[in-house]
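Assemble the whole structure, with the sequences as input and the hints as a guide.
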Amino acid sequence: MAEIVGTLRALLDNDNAKRSAAEQSFQDARRQQPAATVSALFQALAEQQLEEPVREQAAVLLRQCLGKLRDDGSTWSQLGEAAQAACKAKLLELLELEPAAKVRRKIADIVQSLGNQLIDLEEDERPQNAQVWPELMPALMRMVMDRSKADGLKADALWTVTELLASIWQIFVANANNTLMVLRMSFASASEAVRGHAGQLLCELADNLSTKEDRATFVPLIPDVCGVLQQLASSAHTTECNALLQKLQGTPNSSDFFKDSVGQHLLPVLCTIAKSHQSEETQRLALEVLCSLLEGKPKAISNVPGYVQQTLEVCVHFLMKLSDDLDEWGQEEDEEAEDEDNFENGKEVIDRVSKCMGEKFPAVMETLKPAIATLFQAGAWKQTVAGLAILATIAEFVDDEATVLHMVGAVKAQLKASNPRVRHTAWSALAQFAEDHSEAVTSESSAAEFLPEFLVGLDDPCQRVQSRCMEAFQLYGGEVERELLEPYVAEMMKKLGQKLQSSCPLGIQKKTITFVAVLAGQMEDGFAPYYAPLMPILKNLVQSLLHKTEERTLLGKTFECISLLAASVGPEGFRADAEVIMQAMIQATQVPNLPSNDPVKEYMLEASQRICVTMKGNFVPFVPHILPGILEKFTLAPKEADQALVSGLDADTEVNVTLTKENGQVKVMIMSTSEMEDLQHAVGCVHTFVEELGKAYAPFVAQTAQALLLVFDFSMDEEIRDMAFDTWGLLCQSAREGGQADVVGQLVQEFLKRILPKFEQAGAEGRLDEEALKTAADGVTACLKKAGPGVLSREQVRHICQVALQALSASLKRRDASEAESRKRPTDDEDQEGDDGDEEGVNLRIACCEMAGALMQHHAPFFMSECLMLCMELVNRFIQPSVRWEDHRLALFVCCDMLEHLGTGVTPHWQQFLPAMLQDVLHQSAAIRQPACYGASLAAKDPAFGPMAKAAAASLSQLVVQARTTAKKKSGKPDQACADNALSALAEILVTHHQAIAEGEAQLWSVWLNGLPCQVDSEEGIKNHRTLVRFAEAEKPQVLGEAGANLPQILAILVDVYKTEMADDDTSRGIGQLVLKIGEQRLDQVAQKLKDKQRKKLLRIHREAKEARPA
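Using the UniProt record's numbering, the letters of the sequence shown correspond one by one to residues 1 to 1111.
For the record, the hints were derived by calculation from the structure and aren't laboratory data.
The reader is advised that the hints may include incorrect statements.
[Unchecked claim] The list that follows gives simulated cross-link-like pairs (lysine to aspartate or glutamate, DMTMM-like), each with its CA atoms no further than 20 Å apart:
{"no.": "1", "residue 1": "K758", "residue 2": "D713"}
{"no.": "2", "residue 1": "K369", "residue 2": "D325"}
{"no.": "3", "residue 1": "K382", "residue 2": "E348"}
{"no.": "4", "residue 1": "K968", "residue 2": "D399"}
{"no.": "5", "residue 1": "K1093", "residue 2": "D1056"}
{"no.": "6", "residue 1": "K824", "residue 2": "D838"}
{"no.": "7", "residue 1": "K667", "residue 2": "D717"}
{"no.": "8", "residue 1": "K382", "residue 2": "D334"}
{"no.": "9", "residue 1": "K355", "residue 2": "E396"}
{"no.": "10", "residue 1": "K382", "residue 2": "D325"}
{"no.": "11", "residue 1": "K824", "residue 2": "E125"}
{"no.": "12", "residue 1": "K212", "residue 2": "E192"}
{"no.": "13", "residue 1": "K973", "residue 2": "D399"}
{"no.": "14", "residue 1": "K1093", "residue 2": "E1104"}
{"no.": "15", "residue 1": "K347", "residue 2": "E280"}
Take a look at the structure:
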């Protein structure tokens, strides 16, 4: 034994070299003499004369030896049956005899670890004992029940059982009477540890019981465990109370277990602890239990009288746990200040309660209304801060605009409060409303109220409030329209310029730079006058910061600001400074010994993208200099987790973990969050370069494609792989536009060679990773759409379509099998109402349909001859109204693609789907209405649509009127998107089938015009607004009205959409030309009927159109 003791002591030594040598020596012994090593560790562990740390280390190594039992060549597998049996017996003996608490707990940990690995019961089994270790449960129960045993041993035995429960709960159910007896006896113990661990055991057991019948046996113990919790809460020590509270945290099973007793027994205890316990940590744990039980079963728990109300009362109580030292608070910066945990926790729980209540949020709102009113009426600063915090937290869940405006009015009233903490919280609340309800709080009337407040906030005597004001502007200012912002820019820039040139704190300087960047981004070329005075200041700042590693965030923000400033003057205005700035950005990323999470990397890539967007083709000379460094990031990949890799990570390194299976072996792969973000930003940057430069990027296509292949197998984040696939599609487009037809073909074939086998492999293995296949399907779609026509053979078109439909079919079979399996398991109403867990499947099936659509788009003749009948089979199967809505929607998607890309080729098949599609225009679900309306707009292009035009127009008109006359709500956006699509269909009918709808034509024109502008769907917005420009240019009387009566309305629509996502560049140019055509005299007359904001924007449109007109 002397040798193993020496090794154990060396492992505890402070000398790294000794520890490394001892570790190597132990691993060699374990590998070469497994039985002898395990035996020696048992001897050391049993030798009570040894120092306790040495024995603890022996336990740690023994747990390692008895771990990973199922791995090939594991120590356990080399022991033989007799030695294995001896190990199990010796562990139970040592556990029972060990007097030292720390060592005993480590032995208990070995027991639970070994037991969990050995015992593998089926969920529906109910055995009396664990046959693989029949001595285990009797021994542990005896330790708990034997009155002669020490309380410490009993507590550790209960802890061991609790840790084993995930593997052995079926045995406890089978021995229910014995379980009840053990728990009741333990609840009556004089020892806090025994009572607490018994409570934890019951909570863990409840968490594993999924049927009502199993739970019913143990429900009578709920008053006992609540009594134990109450006793523990009154103790001077918090350890056992906190541990029990942690176990009480709700899951769906535990919420089901407690739901019928929670109001009478658990709720009063938890509320008392949360409000009045001496320990804030214990208070927070009690609130967490209240919240998590509600999240576990929102419907059932929210129906408990007073539950939601009392939980929210606790939250309000938490919100007022604020420091009284305002001077100390004011001297701290937000980024460095310590969180006030109870305050933050109160906000978080209000957010979670609001979220989990879903459609029942109005009940939360009604509960909070009197509390908010009371807080504001109290007049004390803490109550006001709490009231503002509640308003900001629930903003996301408030639906109607009138309520939002009422709430934000209360926020505005506190922006000039005398207390700095109130002002600080008010600015935070305004930022939150700007994020959640930008349209409402940045409207013309709201902006007129809030923008002057920012001018005041910039001079706030408390710098922490100043800082929060500027932070709020990042969100608020980024949503305000240029014309509304313009009157305040000069004064804002005056104040910001003073801050930039003064010695203000670093935090204020960062916020100032960002404030300027937001102004530049919103004002666009209207910010150009500030370029000349600002750029020298920013360039000097860059030079002064390049080698200051402690101020990297400020450097990054400066690059961000410069890139937005460049956009204000365009490529010609920025040309003189471009080379210096690009060199500085490259130099900034090459500073030695930078941390892995250096913020400049992200800022640099984002700034490069903006500069590329601004300079277009003039950016190409910079690409060879920055592209290699960006492509180098594509080599970043997850690494297999081993001891050396894990031990080499810093304590504060955030990592992402995934499991992969290779040659039948499961591997744990890890990648640091900073590396993953580097890869994501690099792929995104290249995506922007290719998209913006188009054919000018063609010289770099081969280099980029070679590097991009490394990302194709990236398994940590589908979003990154999706971006990589879409970038590959853009490379195809760049090569095509650059006249490199051979390269396009090579890119497409390489992509298909790598991606299509993934579908075939998944089908052969019967294993469907639907999220990964959805990404692959999206990649195929992007590649084929952007590569254009002539890249596929007839056979390839057929094969790709078959692959897509087979994957769709496999996904449906998986869904049906999963649902059939779930029907076998007993569930309650709330389980049945919840998410069916098929979101990834739904997305994959849509992506498969889009693959077929991509084939139709550029290879229609091949598709018609090889694939049409395959798709019509799917349509005929799913177009029936009795089919579940997700599948019915798939049929509509396929029909829309056929109508769009196959044109008259599919007209002979209309009768099989078009009547159902037109009926769906008024379907109760927006998810069905939207594709139905879109399909109607496509079908209406065909003269054969004439006989259906009148009825279709009536349905479409009804839909538009209903949507546009509904009060404005966040939840109404899907309905408005349907109306946007319906407007496209109406326009097409009015143009192509005016004879068929002659009787009600005037009314339909009125509906179309009054339904504009489009509100949600930007693609349909672009179509309709382009059409409106065309009609106005042609002076179409049905649109302009008698004597041009509708011109003010038309101009108001077009002014609002000018240079927004609802109008592409051609449409915006068309609006400008229309404005010039109308003439200044008529414009002056019309402008009188426009809003002030619209008049200002009209002047800008007129100016820009004149500047763009050839001399």
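Against the structure, the hints:
Distance restraint check for K758 and D713: the Cα-Cα separation of roughly 11 Å lies within the 20 Å cut-off, and the hinted pair is therefore satisfied. Between K369 and D325 the CA atoms are separated by roughly 29 Å; this puts the pair beyond 20 Å, and the hint is violated. A threshold of 20 Å between alpha carbons decides the hint, and for K382 with E348 the separation of about 18 Å falls inside it, so the pair holds. Restraint check: the Cα-Cα separation between K968 and D399 comes to about 9 Å, which is no more than 20 Å; the hinted pair holds.
For a cut-off of 20 Å, the pair hint linking K1093 to D1056 stands: about 9 Å separates their Cα positions. As the CA atoms of K824 and D838 are separated by approximately 18 Å, the hinted pair is consistent with the 20 Å bound. Our distance criterion of 20 Å between C-alpha atoms is met by K667 and D717, whose separation comes to about 17 Å. At roughly 18 Å between alpha-carbon atoms, K382 and D334 fall within 20 Å of each other, so this suggested pair holds.
A distance of roughly 9 Å separates the Cα atoms of K355 and E396; the hinted pair therefore holds under the 20 Å criterion. About 12 Å separates the Cα atoms of K382 and D325, which keeps this hinted pair within 20 Å; it holds. This hinted pair checks out: K824 and E125 have alpha carbons roughly 15 Å apart, not beyond 20 Å. Pair hint K212 plus E192 does not hold up; C-alpha atoms about 30 Å apart against a cutoff of 20 Å.
Straight-line distance between C-alpha atoms of K973 and D399 comes to about 11 Å, which keeps the hinted pair within the 20 Å bound. With a CA separation close to 17 Å, the supplied pair K1093 and E1104 stays within the 20 Å bound. Between K347 and E280, the direct Cα distance comes to roughly 15 Å. Compliance with the 20 Å bound is thereby established for this hinted pair.
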